[in-house]
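Residue numbers (the working numbering), protein chains in the order written: chain A, 1 to 376; chain B, 377 to 535; chain C, 536 to 750.
Calculated from the structure, these hints are not laboratory results. Beta carbons are placed, not taken as given, at the ideal position from N, Cα and C, and that holds for glycine. The reader is advised that the hints may include incorrect statements.
Claimed, not checked - Simulated crosslink set (DSSO-like; lysine-lysine; CA at most 27 Å straight-line):
1. A:K205 - A:K349
2. B:K429 - A:K139
3. C:K598 - A:K141
4. A:K141 - B:K424
5. A:K139 - C:K598
What the hints assert, rightly or not - Over 10 Å on every C-beta distance to chain A, these chain C residues come out as not near it, computed from the model:
6. E544
7. E593
8. L733
9. I744
One-letter residues, chain by chain:
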Amino acid sequence: MTAIRLLLYILFVSMCTSLYAQVQFAQVNQLPTLLSPSMAGSKEQKRIIIGANNYTSNNENAGSNIAIGYDQMIKKIGCGIGVYYLQNNFKENLINENDLIKFPEDTRKTKYYTIENQKTTGICIAPKYNITFKDNPYKIKYTFSPSIFIELGKSTNTMLCNPSFEYKYTNTPVYYNWTEVNYYKYSYNNTFFRSGLGVQLNNKKLIVLGKIAFTRNSYSEQISYTTFLISTNTESETQPKTANSTFYAVEPTLHLGYTFSKETNTSFAFTPILGIGMIHYFNLDAQSIQSDSDKSRYNITQNELSEINYVHASANARYKKLLFGAAYTKYKSAVYNGVTLGFQNDHVKLMCTMNFDFYKAYADFHKMEFTTGFFF
Amino acid sequence: MSIQLYNLSVHEYNNRVCRFVDKLLVDRTAAKDITQETYLRLWENIDKVDFNKVKAWLFTTAYRLSLDHIQRRKRFVDESFMPERCEREENIDLKKIIDESLTLLSDIQRSVILLKDYEGYSYIEIGEILTLSDAQVKVYLFRARKKIKEYIGDLRLVL
Amino acid sequence: MNIQPDDIEALIFDFHEGNLSALEKSELLNFIHLYPEYEKDFALWAQSYVPTNNSIDEYGLTKFLLHESTKPWYKKPLTYLGAPLLLALFLSLSVAVFNTPNKQNEPIYTKPKETINIAHQVSESKKIETPIIKISRSSKSQNYTKKTPKILTIKDTVEITKTTSASIIENDTLNSKNVVIDNTEVSTTKTSTKKRKLNFSISPSGSFIPTNPNF
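Just chain A, with the same shape it has in the complex (with noise of 0.2 Å):
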């Protein structure tokens, strides 16, 4: 690797990702509400956080993820407000050159893709409440926060599915040129309603976080058959078959944390942070789910349907205005680790997580997560 390239991992963030990537940030407790409702107003500032990455593949994958958020406490009510909007956004190219020795790139690099996007809003509200000693109403041991939360999407997605190549001899018999492709274009348009519960508990060392989500999804979805003929460059289509489906699912998810400090001398500061969660589909034929697909319906394979989804770990430090750490959260197949950089005063927090592979010759990757808060 160049010293540029190696400047620019420095400079610029990366995080790993893989495919079907739903959680967009490797610093899940930079984006408080993100990561449970009840974080609402949990700062007694005002707050603003803002989280964005994107990435790059030689394999021409590209995903880009946005999210804003503002939440506040209303000192008189004793209540946090919470208002937040994602936006996620992935394209993968399912052909690459090997597999179609003949195929025209342009073809290749229009015709053969997956797109999603993704875009959440959701509101919370988290009372907080206070556990004190009986004997002295003044000195609090713990805040518990129970909250609510709801959120409104919508997802799309546009793939061309499961290409089989057929090829004929030619007149050559060195070598095989393909003649016809044939796949199926699948689309869908899902309309989701998410609402659910977070608690939190917490004191000035400990933090407890817990999320219960329940998700009705609402898929429309269009399914044609098509044939590419690469002789003539054009391709047939059938007649488009619609489908409306209804499903649901609930996803709980847990978070503890600790921060280890002196009191005396508050330089310095570690917070490991764990974190679990799953996921159950209900109501999901489970049969609709092709398994001979690399590309399943509604995006969901099999082994999906029910299973911890979501693990994250992270080791979180600070010394005095500084920043550092590594983290490392998986959820489903996509895997997020790195090593963090950020700078923290009274009014704003900045945040970088650079991946553990950055030292590998990876030529053409320009990745980044970035994520700040403002708090006045």
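Once you have looked at the hints, place chains B and C on chain A.
Positioned in the frame of chain A, the structure of chains B and C alone reads:
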């Protein structure tokens, strides 16, 4: 400060502090709680507090805790409200009338009156406890006494 | 002093507060004498003081706020009385237990004695007799079960609550050097801390513990 001095401060001032908070909040139970919390904080800071200044420290801490309590309970005193005067009663207890008039004052006015009349602090000392200048203390004291005077009403009713 | 009607209230206030000089006081009194309509106000201002007496109500908190004596256990009078008594008791019990002239010492063991005999060696050549030395080893095994009674203990915490030090420098006239006597007291207070009961607030509060900024 040694523990003997701490105990001495308990003997000397705990009832005074409690009376101050009691008159300020008009809540005996809360006054006891705040007094206990005040002395708990003194115990935690026993190395840092000088015994010569412990009285002012106690009153300052108790005052701040009282303000927190008031804020928490969202007490509102309608300063424009003047309770009806007992016009026809004879042998009216002046002390009782004055105590009633204290409830008409704002928290800071009441604090100033209590510290001046009950504890005999000077303007400067009151200012240190309530984080005010001595000029501000004098202004608050003037306004408070004026309100009490207005409430007392006709001198012939109370004598 | 030129007294204006607008200033009269402030002056009366200052009069009763004791902020006026003797001259100013007399001028004010003369003014009031000349204008009797201010007499009522003057009297009311005098009444606006909270009547206090020397006695202070007892709120019953004193015993809860006091802390125990700071003397370490070895300096307490009870130690001086109790320690010799305990020692005497221990010694007498020891004598009673270990000195039983009428009773043979019976070792408590279940295993048989192991006797090691050093062979009687007679060196024929040298004709030196070595005595037989018997060393008996007895293994003591105590077969008893110790029942530890269940005790509900309140957790005791010992805290070093304060340290005071006073250094006194004395002149040692004989050796002409300063001797520093350090009266450092390390006071310990044994406080038994019971598990404190918790109270859950019913209504939400604007005062709460914020999440740690390191999170």
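Hints, one by one, checked against the model:
Proximity of K205 of chain A to K349 of chain A is assessed by CA-CA distance (about 19 Å); at most 27 Å being required, the pair is judged to hold. For the given pair, K429 of chain B sits about 25 Å from K139 of chain A by alpha-carbon distance, which is consistent with the 27 Å threshold. Distance check on the hinted pair: K598 of chain C and K141 of chain A sit about 26 Å apart at the alpha-carbon level, within 27 Å; holds. Between K141 of chain A and K424 of chain B the alpha-carbon distance is near 25 Å, which keeps this suggested pair within the 27 Å criterion.
A distance of roughly 21 Å separates the Cα atoms of K139 of chain A and K598 of chain C; the hinted pair therefore holds under the 27 Å criterion. Here E544 of chain C stays apart from chain A, with its beta-carbon at least about 38 Å from theirs, past the 10 Å limit. Its beta-carbon lying about 21 Å from the closest one in chain A, E593 of chain C satisfies the requirement of being farther than 10 Å from that chain. Non-interface call for L733 of chain C relative to chain A: violated, since the shortest CB-CB distance, roughly 5 Å, does not exceed 10 Å.
Residue placement check: I744 of chain C does not keep its beta carbon more than 10 Å from all beta carbons of chain A (closest about 4 Å).
When held up to the earlier numbered hints, the structure conflicts with 8 and 9 and fits the remainder.
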